[in-house]
Amino acid sequence: LPFGRKGGSEFIESLKDARLFWRHYDGWEHVVVFDGDGISAAIGNIWYDTDPGSKNSTIKNAGFMVVRYEGDCPDTTLEPHHLTDMLPKMDGRSRVDFESAAFNKSWRVFSTDAKAAFDRFDQSTLEFLEATPFKPTIEFVGGVLVLELDHSEMYQESYREKVIRWVEDFSKAVPDDLMAPMKMLDR
833 LPFGRKGGSE
843 FIESLKDARL
853 FWRHYDGWEH
863 VVVFDGDGIS
873 AAIGNIWYDT
883 DPGSKNSTIK
893 NAGFMVVRYE
903 GDCPDTTLEP
913 HHLTDMLPKM
923 DGRSRVDFES
933 AAFNKSWRVF
943 STDAKAAFDR
953 FDQSTLEFLE
963 ATPFKPTIEF
973 VGGVLVLELD
983 HSEMYQESYR
993 EKVIRWVEDF
1003 SKAVPDDLMA
1013 PMKMLDR
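With the first letter of the sequence shown counted as 1, position 94 gets the number 926 in the numbering used here; the numbers rise by one all the way through.
Please note that a few of the clues may not be correct.
[Said to hold, decoys possible] Simulated pairs of lysine-lysine, BS3-like, Cα-Cα distance not exceeding 30 Å: (1) Lys1004 x Lys937; (2) Lys1015 x Lys967; (3) Lys848 x Lys967; (4) Lys967 x Lys994; (5) Lys967 x Lys937; (6) Lys967 x Lys1004; (7) Lys848 x Lys1004; (8) Lys994 x Lys1015; (9) Lys994 x Lys892; (10) Lys892 x Lys967; (11) Lys1004 x Lys947; (12) Lys947 x Lys848; (13) Lys892 x Lys947; (14) Lys967 x Lys947; (15) Lys1004 x Lys994; (16) Lys1004 x Lys1015; (17) Lys994 x Lys937; (18) Lys1015 x Lys848; (19) Lys848 x Lys994; (20) Lys937 x Lys947.
[As the list claims (entries may be wrong)] Here are the in silico distance ranges between beta carbons for each label pair: (21) Asp1001 x Lys887: 42 to 48 Å; (22) Thr964 x Asp883: 36 to 42 Å; (23) Lys937 x Asn893: 38 to 44 Å.
Hints listed in this document are in silico derivations from the structure and should not be mistaken for laboratory results.
These numbers were taken from a predicted model, which means no experiment stands behind them.
The beta carbon of each residue, even a glycine, is placed where N, CA and C say it ideally should be.
Go ahead and model the full structure; you've got the sequences and the hints to work with.
Quick look at the structure:
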């Protein structure tokens, strides 16, 4: 992880249990790191070479943003509905349904503790996620928020700024005891 300062190892340890973040990668590219004012975060592409030194080698890429948060949340994934919805989940997390039928239609939520996850996300969180046109796959794991992003867009400054502003807005929409409101960019 591109964190050289104190606390970087905490990201590595937390991300070992992540379902979204790749367990194996060779490096980061186009990284922006926030490391100060109570915020530890990084956004960028990770990559790996499928068969180093071979003619059949392919470079695989994925875009991610990882953000340390101080609150408490069971390992939980929030994903917008898409074509893979019919595939069964094999990761030991239970489906969490909320009282909002519109939210449940737009998002699927899975958690290691369905009741605790239900209690962590309030009405303002659900309304924010329902209303936002930008719908990344989201994971809370071990004190780290992980967003899976479109790696082909990560080279564009405007896309990275959109993601960072989205995280700022998301941090204001979730309960403060889960994640304190963040300000990473000047408006």
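Okay, the hints, checked on the actual structure:
no. : hint                         : result
1   : Lys1004 x Lys937             : holds, 23 Å
2   : Lys1015 x Lys967             : holds, 20 Å
3   : Lys848 x Lys967              : holds, 24 Å
4   : Lys967 x Lys994              : holds, 12 Å
5   : Lys967 x Lys937              : holds, 13 Å
6   : Lys967 x Lys1004             : holds, 16 Å
7   : Lys848 x Lys1004             : holds, 27 Å
8   : Lys994 x Lys1015             : holds, 13 Å
9   : Lys994 x Lys892              : holds, 23 Å
10  : Lys892 x Lys967              : holds, 22 Å
11  : Lys1004 x Lys947             : holds, 22 Å
12  : Lys947 x Lys848              : holds, 24 Å
13  : Lys892 x Lys947              : violated, 36 Å
14  : Lys967 x Lys947              : holds, 23 Å
15  : Lys1004 x Lys994             : holds, 16 Å
16  : Lys1004 x Lys1015            : holds, 10 Å
17  : Lys994 x Lys937              : holds, 25 Å
18  : Lys1015 x Lys848             : holds, 27 Å
19  : Lys848 x Lys994              : holds, 27 Å
20  : Lys937 x Lys947              : holds, 19 Å
21  : Asp1001 x Lys887: 42 to 48 Å : holds, 46 Å
22  : Thr964 x Asp883: 36 to 42 Å  : holds, 39 Å
23  : Lys937 x Asn893: 38 to 44 Å  : violated, 31 Å
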